[in-house]
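K.L.:
First residue of the sequence shown? That's 1304 in my numbering, and the numbers climb one at a time after it.
Keep in mind that the hints are not guaranteed to be accurate.
[To be verified] Within a straight-line C-alpha distance of at most 25 angstroms, the following computed BS3-like cross-link-like pairs (lysine-lysine) qualify:
hint	residue 1	residue 2
1	1397	1359
2	1394	1359
3	1361	1397
4	1403	1359
5	1403	1361
6	1306	1359
Just so you know, these hints were derived from the structure itself, not from any lab.
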Amino acid sequence: MLKSADGIPEPLKRGKSEYTTVDSIVDDSYAVIDIEVENWQVGHPSIFMVVYVSQKSKIIFHTLPFTDTSYNNFTLTQCRDQEEIATQLTKRVKQEDPLKIAGHNIMAFDQRALRDLTGEYFPSPTDHYPVTKSTQGL
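Take the sequences, apply the hints, and build the full model.
P.N.:
This is the structure in structure tokens:
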């Protein structure tokens, strides 16, 4: 037992553990995800587009009826259906492994919809799933 706080070793003296700086955490990787849904008004929501922006890429996954592959510095990836959109997005997130993920309504709808489609996302403490790495569980 330590007799006082003075006995707590400084971080660099604790042994082989490595510590990161606040700057590296703040500057670490991030991604922003925005999901667009149709037919939600009639109780049958279907994802038709996901915008993914990170320090490494800018991609729009979509089911829209055009085959263009780029637009305004975004890569456009056409998918067959919402399941393929979710799968492609999940592959990208796993590949880039961002520390932080942000987006509008990401915890209340987006992540839960992706989890239902892929079985890969576990961010929602309200549904009894743990909040894990990158707050996403990937």
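K.L.:
Are the hints correct? Go through all of them and say.
P.N.:
A quick look at each hint next to the structure:
no. : hint        : result
1   : 1397 x 1359 : holds, 13 angstroms
2   : 1394 x 1359 : holds, 14 angstroms
3   : 1361 x 1397 : holds, 15 angstroms
4   : 1403 x 1359 : holds, 13 angstroms
5   : 1403 x 1361 : holds, 16 angstroms
6   : 1306 x 1359 : violated, 49 angstroms
Comparing the model with each numbered hint stated earlier shows that hint 6 is the single one that does not hold.
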